[in-house]
Structure formats: C-alpha cells, structure tokens
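S.K.: Starting from two chains that each stand alone, build the complex the way the hints lay out.
Chain order of the listed sequences is A and B. Taking the numbering used here, I'd label the letters of the first sequence as residues 1 to 488. Taking the numbering used here, I'd label the letters of the second sequence as residues 489 to 945.
Keep in mind that the hints are not guaranteed to be accurate.
Under the rule of at most 35 Å between Cα atoms (straight-line distance), these lysine-lysine pairs were calculated in the DSBU-like manner [to be verified]:
| id | chain 1 | residue 1 | chain 2 | residue 2 |
| --- | --- | --- | --- | --- |
| 1 | B | K623 | B | K573 |
| 2 | B | K842 | A | K93 |
| 3 | B | K628 | B | K842 |
| 4 | B | K511 | B | K623 |
| 5 | B | K573 | B | K511 |
| 6 | B | K509 | B | K624 |
| 7 | B | K624 | B | K824 |
| 8 | A | K154 | B | K842 |
| 9 | B | K841 | B | K623 |
| 10 | A | K154 | B | K824 |
| 11 | B | K635 | B | K623 |
| 12 | A | K93 | B | K749 |
| 13 | B | K628 | B | K667 |
| 14 | A | K343 | B | K841 |
| 15 | A | K154 | B | K841 |
| 16 | B | K842 | B | K511 |
| 17 | B | K511 | B | K624 |
| 18 | B | K623 | B | K824 |
Worth flagging that the hints you see were computed from the coordinates, not collected in a lab.
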Amino acid sequence: MIVLIILLIPFITGLLLLLVRNAVAVKRAALASSVVNFLLTFSLVFTVPVSGYTANWINFLGVEFALGYDGISLVMLLLTGLLFPFIIMTGMKRDQPQVSLLYALILFTQAALIGVFLAQNAFLFYVFWELTLIPLYFILLLWGGECRRNVTFKFFIYTLTGSLFLLFGIIFLYHLTPGMHTTDFSVFSKLNIPAGTQVWLFWVLFIAFAIKMPVFPFHTWQPSTYTIAPTQGVMILAGVMTKMGIYGALRFLFPIIPLGVVYWQNTVIILSLIGVIYASVIAFRQTNIIRLIAFSSMAHISLMVAAMFVLNYYALQGLLFQVLSHGVTIVALFYIVMLIEEKTATLQLPQMGGIKLQAPNMAILFLMVVLGSVALPLTAGFVGEFLIITGLFHQSIWFALFGGITMILGAIYMLYAYQRVMLGDKKPALGTITDLSRHDYFLLIPLITIIFGLGIYPQPVFDLVEASVKSMQDLLLPLAGSLPALPQ
Amino acid sequence: MSAIIVTTVLGIIILYLGLTKNKTILAPAAIAGLLVTLFLSAKEWGSGIGYYHNMVIFDNFSIAFNVSMITITILIFLFGIDYYKRMEFHVAEQYSLMIFALVGAFLMTSFSNLIMLFLGIEILSIPLYVLAGGKKFSFKSNEASFKYFMLGSFATAVFLFGIALVYGASATFYLPEIKTYIAQFHGDLPPMLLVGLLFIVIGVSFKVAVAPFHFWSPDVYEGSPTLVTAFMATVVKTAGFAAFYRLLGMGLLPLPVPLEKALWVMTGLSLLIGNLVALRQGNFKRLLAYSSIAHTGFIMLAMLSQHSTSASVILYYTFVYSLATVPLFIIFILVKRASNGLDQLSAFQGLYKKAPWLAVFMTILLMSMAGIPPTAGFMAKYQVFVLSISQGFLAISIFAILMAVVGIYYYFNVVREVFTDRDHLQDLVITRINAGLIIVCGIAVVAMGIFAWNLPI
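Isolated chain B, as found in the complex (with noise of 0.2 Å):
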C-alpha cells in the first residue's frame, strides 16, 4: 500500500520539478522515487495485507509483480536520460504519466474486486494514450494515440458492461465471493453470467494483446515514441497477465467450459498470427510488436494450464521478455538514430563491424527472446512447456513448439542482418549508461537462464 502512495506522490513531485526547466535532476529523482517504493514493496514479502475492505490484497503475488514492473521501469528510465536529451518541452509530464499508470499496474496486480480491476486498468490506459501521442508533430505517433483511445475505450466499454452483468447475476463485485456463486451451477452457468465473465475476458485480453484482440498493438507500438513503446512492451504486459491470472486463479477456477474454450481458441490464434505474421515485417519495432503477440500465447499457455506453479512461470516469464525487450529497443534507437531514421530491419546492417561487442549483446538478447539455451529466455519456454505437458496438452505444446521454430526464424533474420557486412553506422553514438543497460541486461538475460528461480507465490 505504501508502494502505491509513495508512487502517486513521486508522480506529483515529479510533475512540479518539470516546473524548473531542469531535465537532467528528472531521471535521477524519478528512478530513487522508484528504488524506494522497490523497496517498500519488497519489504511487505509475506504479510498478505488487505485494504479498504480487503478490495486490493498485497500478497506475494501481487509484491513480486510489482517489484518486477518497478524494476523494469527504472531500466526504462535509465534508458530516458538520453532518451529526452533532444526533446525540449513537457519531459516531466512523460516521466509522471509512467509513474502514474505504473500505479494503475500496482492496482491490477492486486485487486481481489472487479471495481478496483477496473480501476487499475483506467489508470493504466490514460496515461499511455496521452504518452502515445507523445511526438505531437508525428503523424504517425497521433494515429497510434488515436487509434490506442478508440479501441482502448471501447474495450473498456465491454469490460464494463461485462461487469455490469455479472454484478446482475451475482449481486456481488468480489472475485472469492463470484467463485463461490460460479461453483453453485457446477459448470452449467446461466447465460447472463456466461456473458458476463466473457465480456470480462475480452476487456483485459484487449490490454494484452491477445488475438484476435490484437489489431491495436502493431500500430500503436509503430506510432509511439520507442520509450514509450517499450513500457508497453514491458510493464503494460506485465501488469496485463498479472491482472488476467489474478482474475481466473482468484474467481474463475476451475473455468466454465465455454470460456476455456474461447481461451485456448485465443491462445492458438495468439501463437499463430504473432509468429507468423511476424515473418512478414519488415518493421523492427512492427517486429517486436507482432513477436509479443506470440509471446502472449506462450503466457496463456502456461495460464490456462492452471498448475500451483503457473503464477511463477508467468512472473519468470515476464521479467525475462522484459528484461530481454529493453534493451532491444535501446539498440533499435541507436542504430536508427546512426542510420538517418530508417527504421527497417536493415538498419541493423554493418552493426558488427562497428561494434562488435554490441552485436555480441543484441544475439544474446535475441537468443533469449527466441528461447535458446543458455539465456533465460529458454528457460521460460521450457518451464511453459513442462506445465502445458504436465496437464496433457500435447497437441497444442507441439503446436506451440512449431512456432517457437518460426519465431527463431523472425529473431535470427535479424541476428543475420546485424552481421551483414555495410557501411552505414559510422556515426553510432552509444552514451556510457546505454552501454551499461545493454551489458547488464545481456549478463542478468543469460544468468537468469543458468540459475533459473520460482518463487512461491
């Protein structure tokens, strides 16, 4: 709880330091802001405390999410510091509507009543449709805040109504209490009901991008300023599956037949059109966009196999992607930056002449997101695979694991362009704490592989 009022503050007094026209104390302020709600949230490890109510539950669960989106955002802002050099007006505002929807992610982490669900994912999204637009002479990052708006807040809308129906039929807006009220009619729900919790499905598969829900996110991840694209790709994912595992582990378990169905249907389609239309990018960032589309089906997977250790395996799974997507986007900005904006694939071109070790690094982050031994990246498809086949579901784990093949594919056209031979990076700027970020990263990616962890949550 004191997490989330030191972060609600921090956003504030981040907001009047912008007053001062100072950019360079932003970053700084903002990531000890973060370090000390890091360690606020950690320091509850294991109280389990509920609020106003028992409506949001700081347990395990919802800490160890935390503490992974909070890192992630401090990578981030790390990554601002060069970030905003070039940018004149309004830095603050962007730092503290990502301290503010970093809020709404705690919410969604730990709500136990739908209301607060809702709550969180609001708080979430209006910051990030402002922050989509960021580049206000960018045509395309205007469309990508438009577009985010519109079907952002028709999602809602769903979602809402989804509540709505199911608060009719269980006159009750308390996931334990619906559990209960679900486990009356021992799998034959009433259709409002039924309705209802689909509709609820739909408005949190919205936010992270399942199929066939997914037609925002390539635009929007396109349009956006990379930052920003990137604490979408990271936290706003993050705080996305918390929420959904939250909301079936704590009020739909065991699923109604329908809704898993509908589940696993989104769950093949995720795996199917991220992979495949990931073949055909020629984007990077369009690239990473569709290729978390096919993450999220691995996610679901291990989701929807419902085991004790499946909240572990997502976190692992999570952070990893993370931790892994970061630094990738750091690489596309500099490289696009050395290439006159050109943001295609072959801007990665010549990359290993003129770094080499960058290019080291840039195969191990793929490596890692592509699910190749060492890095921890195959660790998690591993421990996905071992749930989804511990549960029976042969077929659609070697249907995943063909596309596991298809998206070593896509990552490895890219690891082939970085080592083409071209001449067109001379002017590659990489600032010392890019560099850093890169190398951390990269070393945690592969020791996280070799020291793989779960945690009882």
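Pulled out of the complex, with its shape left as it was, chain A reads as follows (with noise of 0.2 Å):
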C-alpha cells in the first residue's frame, strides 16, 4: 500500500498545484510533498517484508496494475526520492514564469519516473516510461532556451522511436508466455527464449535503453537538449532519466534474454568504451560548460554501461552505488553552473575567470562537486568507479585500460574547465561577483555531504543491493562462463 501512496503523493500534489496562484505556496508545497515523498521511500528500506500492491486493471490483456521493488529498484527510488527536494528547490529563490504549471510539470515527471522503478509487469513499466517524457517535453519545449522547439522535438522523436520498439519487444514476449498471456515480469524471466530469438530481441529491447541513457552512437540527442534545457529540466534528464535507462535495461535484458546479453556483451562494451573515449575527448574541447558536463556525464554513463554488461559481482555492485553517485553529483553541479550563468551571464568558459576572487566559498564549494565528478577518493564518485573498474578488469585488462582512461581525462578536462571559471586574473567585462547567498548553501552542502558521506562509508549502499546483484550473478553465472567467485 506505501508504494501507491509514494506514487500518487506527487501525482495528486501535481494536480492541487495546478489551482494554486501563489507563487511562492507552490514552490512551499511541491518541496514539502517531494520531502514526504523521499521520508516514505526511505522507509521503504526498512519494510520488512517488501510491500507491494496490486489490482485488477486490463482483465483481457492480461495487465495488472502492480506495483513492487526488490533492490535496483529501490535504488532508483531512493535516488528519485532524494533528488527531487534539491531539483524543486533550485527553483525557489528564483523568478519563474507560469510556476504552478512547471511544477505540477515537475511532479508530474516524479510520479511517472516512480511508476517506471516500481512497476511489476512489462505493459505498466512502459506506460510509465513513456508519461515521463510528456511533461518533460513540455518543461523543456515552455521552459528552455533558445532554439528550443526544434531541439525538444528532436529529443521527443528520438526518444520516442526506441520506446516503440521496446513496445514490439514487450508484445513478443506477451505472446510467448504461456497459458493466459501476460506481462508479469516474473513471467517473462521463465520464459526460455531460444538463443537465435534472444540474439535479435536483444537489439529491441536494448535500443530504447540505449537512447535514453545515450551509449554511443545514440547519443546525439543529448548535448544540444542539456543546453537548451531550463536547470530544473535538466537536473532531471541528467540526474534520473539516465538511471532510467540503465534501470530498463537491467530489469529488461539481464533476466528476460540472458543469452542475448552474453551474445551482445563485447559489442555493447566496445561500444561503451568508444563512447567513454568519445565523450571525454569532446569534452576537452567544449567552450560551453553545459555541453562540457554534457558530455562528461555522458562518459560516466557509458562506463555504466560497460560495467552493466561485464556481468559480474564488482560491476553491478558499483553500477548501483555509481547511480547514486552520480545523480547527486550531477545535481549539483548543474546548481553550481546556474549559479555561475545567473552571476556571470554567460556559459562561455573563454569569458570566464578569476570568479574565486569575488566568490571563495562558490570556489571552494566547486571544487568539492568537481573532484566527486572526477572519483577524488574519498568520494562517493571513487566507490562506484573503483569497483567498475576492477569488474571491467576481470573480463579484460584493455577493458580496464580504456574504462580508467575516463578516470583521467575526467580529472583533466574537469580541473582545467575548474581552472579556468574560478582561477587566473579576473576578466574585466566580468561585473561585481556577489558569493553564494544561505539558500545556496542550503542546497549544496547536503548534496556535498552526500557525495563525501557515501565516499567515506558506502557500506549501506552494499547491503542494500546485496540481494539483487547476487539473485542477478546467480542468473548469469552458468553463462557468462569465466566469472570470479564471490567474496565469502
């Protein structure tokens, strides 16, 4: 029952939103609904047994309207959970326009993206999946910058096009399972599709996965709509929706079509790595900042990615944690550059300069997010990097090699974007600096704390997707052949 209430508290305060005129009572409201939202969720952690709920709904389709979570998804919730209160609060000192409907907008994308972790079968998960790209292109399409229709229809078809194939995927396997058809995820996983089908359901199922999380050469949607994109917009794109993907892809692929993942494995890592390289060097080269963390976002993910199909212990343990990580990164530096837009008016890096000496505490606040951005130890960042690392190692040590080079071109292209806002004399068409104001500090020293806190002592995390990544490398191991051992 707490799940139904965790997924219509947004919804229904979504809706009262829409009838309020206030301003600031919005803004009051939809913070307290998502603090609520995260408290409930977080007490899912210690529900035990797991609370599901579950009601008829499409009788001659076989679809029930059920909801559940094991682990993953309850890392993803928690994320979710966590992530909002900061998305909703970046919003608050500031002038808005239409701010009832952007953040009924807002808690709109919360509902359905917590429909999306918590549903049980395949038709529920995709109606989620694809209601949390309509408000969503409606904050970008009212909201963003300029170039904005063109760059929001764009992400729309595109993302669009991959969720319809995941559509066809999930009819085919509606009609394989027996008896009275079904989506039932629990179903689909006791399927035994013969290997040659798995081999091209795999692409299917994956391209939509692929689009959203964007792994190279799909990703051509992403930078010019994280630019376009109002902050809030794309705190969620960056922070959740990406998660989303790799969600999808962990609850799709891995127990439905086994086979099909082993077959792909290589190909999508290879692809992965391509990508980590490929973003990371373009990063090098960006002027703009938010295309710069664009891409750079786009390099963790794709070692995400390669750490999801390496298909062991390390990997998946650091997959999740790294979910965490860098959503809350991710966050806050997308705070960090509004910030530095609002005082400086530009997102030009060439322009920039010299801000710490007007601004420390934003400089020093900075450099905290960019080193959890570049897996500093002692950072949450460091963790979920690691233990991807030593999983790509245990398939192949160039994997390994590729996968660390992120590593170091990400401190590289991060420190010198760092250098060159913060350090160096202070360019004369800059006006007065003002430094961080209270709410400032309000939003980032949490996300700070986080970042460190989970750097310090991830072992929470662990346990809590003990479960799942061991039920999961249980799935794989007869398949995968060549797989460590688990630690006792």
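M.R.: Encoded structure:
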C-alpha cells in the first residue's frame, strides 16, 4: 500500500498545484510533497517484508496494476526521492513564469519516474516510461532556452522511436508467455526463449534504453537538449532519466534474455568504451560549460553501461553505487553552473575567469563537487568507479585500461574547466560577482555531504543491493563462464 | 431494424422542420431523434434478428458499430449548432442528408447480402456527394463534390461489376453461401470469381480510402465544409470498415491467397503513403486526410490478422479515432475563424497563450491520434499490435511501428505550433457547447485509454 502512496503523492500534489496561483505557496507545497515522498521511500528500506500493491486493470489483455520493488528498484527510488527535493529547491528563490504549471509538470515527471521503478509488469512499465516523457517535453518546450522548439522536438522523436521498439518487444514477449498471456516480469524471466530469438530481440529491447542513457552512437540528442533545457529540466534528465535507461536494461535484458546479453556483451562494452573516450575527448574541446558537463556525464554513463555488461559482482555493485553517486554529483554540478550563469551572464569558458577572487566560498564548494565528479578517493565517485574498473579488469585488462582512461581524462577536463572558470585573473568584462547566498548553502552542503559521506562509508548501499546483485549474478553465472566467485 | 425506420423518418421530419425557417430547433430535434435511435439500437443487443430473408442481420457486431456511429453523429450535430449559425439557407437539408447517410451506414454494418451492401454504400454516398458541395460559392467545395462524385461513381461501377461476376460464378448474393462456394475450391479459385471478389474489395477500399484508392480523399477533405469533413472522416470511415470486416469475416475468410496478398500490399501502401505524405502537409485538413489514410493502414492490419477479437479491436480503434477527430476539427474551425480563414498549421500558433486549456486538450487529442499513453489512441494501437504479432506478422508490425513514429512526428509538429508564441488569435470565440464538446471528448479519450474495453462481437 505504501508504494501506491509514494506513487500518488506527487501526482495528486501536481494536480492540486494547478489550482494554486501564489508562486511561493506552489513551491513550498511542491517541496513539502517531495520531502514527504523521500521519507516514505526511505522507510521502504526498513520495511520487511517488501510491500507491494496489486489491483485488476485491463483483464482481457492480461494486465494488472502491480507495484513492487527489489534492491535495484529501491536504489532508483531512493535516488528519485533524494534528488527531487533539491531539484525543486533549485527554483525556490528564483522568478519563474507560470510557476504552478512548471511545478505540476515536475511532480508529474516524478510520479511517472516512480511508476517506472515500481512497475511489476512490462505493460505498466511501458506506460510510465512514456509518461515520463510528456511532462518533461513540456518543461523543455515552455521553459527552455534558444532553439528549444527544434531541439525538444528532436529529443522527443528520438526517444519515442526507441520506446516503440521496446513496445514491439514487450508484445512479442507477451505472446511467448504460456496459457493466459501476461506481461509480468516474473513470468517473462522464466520464458526460456531460444537463443536465436534472444539474439535479435536484444537490440529491439536495448535500443530504447541505449537512447535514454545514452550509449554511443545513440547520444546525438543529448548535448543540444541539455544546453537548451532549464536547469531543473536538465537535472531531471541527467540525474534521474539516464538512470531510468540503466534500470530498464537491468530489468529487461538480464533476467529475460540472458543469452542475448552474453552474445552481445563485448559489442556493447566496446561501444560504451568508445563512448567513454569519445565523450571525454569532445568534452575537453567544449567551450560551453553545459555542453562540457553533458559530455562528461555521457562518459560516466557509458562507463556504467560497460560495467553493466561485464556481468560480474563487483561491476554490478559499482554500477548501482555509481547510479546514486552520479545522480547527486550531477545535480550539484548543474546547480553551480546555474549560479555561475546567473552571476556572469555567460556559459562560455573563455569569457570567465577569476571568479574565486570575488566568490571564494562558491569556488570551494565547486571544487568539492568537481572532485566528486572526477572520482577522487574519499568521494562517492571513487568507490563506484573503482569497483567498475575492478569488474572490467576481470573481463579483460584492455577494458579496464580504456575504462580507466575516463578517470584520467575526466580529471583533466574538469579541473581545466575549473581552472578557467574560477582561477586566474578576473576578466574585466565580468561585473561584480556576489558570493553564495544562504539558500545556496542549504542546497549544496547536503549534496556535498552525501558525496563525501558515501565515499567514506559506502557499506549501507552495498547491503541494500546485495540480494538483488546476487540473484542477478546467480542467473548469469552459468552463462558467462569465467566469472570470478563471490567474495565470502 | 426499428433504428433504420426511425432514422429515415427523422430525416424526413427534419426536412419538413426546415420549412419553418427556424434554424434553432433543427439540431435539438435531430439530436433528440438520434438519441431515440441510439436507445432502440442498444435495446436489440444480443437478439441478432435477421430481416428480409436475412438480407440484413442486426447482430451484436452491427449494433455495436451503429451505436458508435450514432454517438459520433450526435457529437457532430452538437458542433453543427455553432457551425451552421452563419448559414442562411438549407440548413435543414444538411442535417437530413447526414441522417440519410447514417441510414446507409446502418445497412453497411448489417448486410449479409451483397445487394444490401451495394444499397448501403449508395445511400451513404449520394448524400455525401451533395454535402461535399455544401458551400455553393466556394470553388474548392465544388471541386470536392465533383471529384468525389466522379470517382465515387466509378468505384461503384467497379463494385457492381464485381458483384455481377461473383453472382455469375456462384449464383448467389448471400455471403454465407458465397463462403461455402469458395470453400469447395480449396484456395484455387476460378478467375471469374477471383476477379469479382477483387473488384468488390476495391469498391469498398475506395470508400474507406485505402491506398492506392485514396487519391480523392485529401482534395475532398480539404474542399468540403469542415463539418462534413468531420462526418466523412469518422462516421463514413467507421461504416466502411464495418462493411469491410463483415465482407471478409462473413464471406471471405479464410482469404484466398491472391486476395490476401493484394490486401497486404494495400495495408503497407496505406501506412507508407499516409504517413510519409502527411509529413509534407501544411494544410491542417489535408494533414488529417493523409493521417486518416495512415490510420486506415493500422485498422487493415487488425483486420487482416483474422483473430476472433479483430472486430472488437476495429470497433475500439474507429471509435477512439472518431472521438479525437471530431474535436480536432472543432478546434480547427475556431482557430480558422479567429485567424481570418487561415487553414495552415501556422494558424494554431499562439493558441497556448490565448487559451491554455484548449491547448492542453488539443495536445491530449493529438497524443491520442499519435498513440501515446495514457490515451485511448495508444490502447488502440497496442491492441492492433497485439493482434498482428500474435498472428506472427512480425515484419509488417515493425514496419507499422516505424510508421507510427512518423505519425508522432507530424502530430507533434502541430503541438509545437500550438505552443509557439504569437499574438494573432485575439478574437478566438469559443461557445459553451463547443467547449463542452472538446472537454468531454478529451476526458473520454483519456478515460478510455485507462479503462480499455473489448466487446464480445
């Protein structure tokens, strides 16, 4: 029952917000709802046994309204619950047009995301998967920057194309189920699909997730979309939506078509590693700081995809840890970028410089976030990426080597960008720059605490996902052959 | 049967009411009459009575489609209250012609004899030829009427010829008897019968605008008065598909191989031409015309999947499609009036600024047309794909999915226009009835998506 409440809170609050005219009240209500939602989600960690909710829905199509979760979905739910209060707080002290609609749409997105992570059958998953796109589309279309009409359009069509293939895959699987057809994940995972079918079905299913994440070469929508998106939109996109792609792949590919996964394993890893190198190199050449972060995010996500496909214990642990760590870091990064843009009225690196002279506190916090992003030891990013590289190493030393390059390249371009923005002489064109306000601390300090907290003591997250990772490992162990044994 | 009688009488009564020169009573009278028909039709559910030596049979299939068409006609008449306000003369004739067309539609859903199908198609078509030319002084309207009439009569001739050939071979007009006759050849049909069947199928295809027999539809849609276009796109289409399905289901299944091949080609072509040409349309009515050809392709896919639930899926699809199409035409007319008769997509610019709620409902309706959850359009397409994949038509299903993406592209092109800033819709006037219609249809489209149904027909 509690999962139903978690799903409905943002949705109902969103509907109510549409009736409220007072901007401050709207934002406060949205924040309150997201905080309550987070607390409820957090309580799921301690809820034994797992609470679920099932109701009849469309009987003649064998579809139930079934909600539930396991360790993997719980990580995703926690991430969503954790990030949305910050995403909403981002707009707290700022003037925004059409506030009630904006926050209603943000909460609708949240509800749809939660639905994706809670869905227990593929049909419900698909409906929520598509529903995330609609409010986000309007957030980008109505509050976006220059050229938003064409960019959002491209983003929309791009992701929907992938989704429709997923739909085909779901219906195909639906017809393979024995007896009265159904789309339950639990039934799907017991199908024993012939290997030849799995091999082509893999791409039908994977393409939707590959576009969302995005994996090279399906990434072309991403940089332009990030650039035009309003800060809150890009936080949702980079912080949570990309994880939705990862979640979908974990939910669909590994349990349902394990042979297909093993068959294409190396292809996908190589594609992701190409993505890692490619994104890092391009990030290095960017002069627009948002595009830089977009490509850096792509590099990190690509590494996570590679980790997903090496199919071993370390890499999966690292992946799920990195899901949390990347989400928190990227939201903090985009918040600081927004601050910089507000204070300097530019996003171009060559026009910035010497901001530290006038805003030392901002420089320090920015540095902490950057360090988290480049995976310095004692930050959450390090734990995740270290495990991922270990996992890659077990597959092939070359994979580990190329994967490891992200950390080096990441450090180079992020620190170089930091240097160009914050250090050096102040550019005369920049006016006086004010330092952080109290509101900014409220937002940044908790995020940075999480980044370092998880870096110093990561165990709780591992405990949380242990069971799910093990079950996934058990499933894939006989298939992948030379996997390392579980540490006892 | 009582539905047919009541509707015919209603048409005549409306015609006489026109003599009173009081326009305001026409629509309410017509709607009241249709409500009676609706009730009478629904009452016969489950009885399955045949009339005239079983030449027409009112089984559940025909009743379900009749009820759906009557509902849509009521919606269109409600729209007519505002639409015909500016028209001085011959308003009664417009209403009664549509009612007569509806009688033809009833016959098309319930025939079991080819002669009845022919009568139904003619009773449906002849009023439409007149209605298409409803704007007497508009060049385009005249063109539409003339084109529709010429091509329509040509198709009818082909259709009649087909009936004659089939009769020549099988010596019967009754579909069940034709079915037994076909069955004895075990798929190897004599040429005369095959050509006859093909001609019959072509005749019906013309009515529902399946490619490559679609050339009339964009011009006719564009030139006809918008209300008539809405009627053609919804009621006529539904009737055409009901007839098509009945023809196949009652008489021709399992399909002879050459015929099936021809139908598959037509399905593929409809999907391809409808969607791709729609991409290039700047005129909203032409866009909807081509997109309706594309929808035809999806419905054909459901029909050719030959499953016991096909009929229900077609009913759901056509009803949902009609339910979204009617309000879209209403919004189009409102916008067109406010922008000095501009009928391009750019007419919708600034709609969001002027009337945000209207923009939201327009988006919901377009989402339904494009097939995006949680709208009914999605459930309709989902069911079609479930059907086609269940029968193992994977390649064409993938193709249809790709075409659905193209569909999303041009529908959201319109959404994009709606949300573009511009100030030219200052004198947008929305009457209460129109607003109510749009809202009700929008909510219904979402509700039917969340609570999808199927009927045992």
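S.K.: All hints are to be evaluated individually against the structure, with a verdict given for each.
M.R.: For each hint, the structure was consulted:
In summary, the hint linking K623(B) to K573(B) is supported, as the alpha carbons are separated by about 14 Å, within the 35 Å threshold. Distance hint between K842(B) and K93(A) is fulfilled; the C-alpha atoms sit about 28 Å from each other, no more than 35 Å. Simply put, K628(B) and K842(B) have alpha-carbon atoms about 30 Å apart, close enough for the 35 Å limit, and the pair holds. Simply put, K511(B) and K623(B) have alpha-carbon atoms about 17 Å apart, close enough for the 35 Å limit, and the pair holds.
Our distance criterion of 35 Å between C-alpha atoms is met by K573(B) and K511(B), whose separation comes to about 8 Å. For the hint linking K509(B) to K624(B), the alpha-carbon distance of about 19 Å falls within 35 Å, and the restraint holds. Of the supplied pair hints, the one linking K624(B) and K824(B) holds, its CA atoms being roughly 19 Å apart against a limit of 35 Å. For the suggested pair K154(A) and K842(B), the alpha carbons sit about 26 Å apart, so the restraint of at most 35 Å is met.
Only pairs whose Cα atoms come within 35 Å are accepted, and K841(B) paired with K623(B) is accepted, the gap being roughly 32 Å. Restraint check: the Cα-Cα separation between K154(A) and K824(B) comes to about 28 Å, which is no more than 35 Å; the hinted pair holds. A distance of roughly 15 Å separates the Cα atoms of K635(B) and K623(B); the hinted pair therefore holds under the 35 Å criterion. About 65 Å separates the Cα atoms of K93(A) and K749(B), which puts this hinted pair outside 35 Å; it is violated.
Using a Cα cut-off of 35 Å, the hinted pair K628(B) and K667(B) is violated, with the two alpha carbons roughly 43 Å apart. Note on K343(A) and K841(B): the hinted pairing holds, with a Cα-Cα distance of about 31 Å set against a maximum of 35 Å. At roughly 23 Å between alpha-carbon atoms, K154(A) and K841(B) fall within 35 Å of each other, so this suggested pair holds. Under the criterion of a C-alpha separation no larger than 35 Å, the hint pairing K842(B) with K511(B) is consistent with the structure, at around 31 Å.
Our distance criterion of 35 Å between C-alpha atoms is met by K511(B) and K624(B), whose separation comes to about 19 Å. Among the hinted pairs, K623(B) with K824(B) is consistent with the structure: their alpha-carbon atoms are about 16 Å apart, no more than 35 Å.
Hints 12 and 13 from the earlier list are contradicted by this structure; the remaining hints agree with it.
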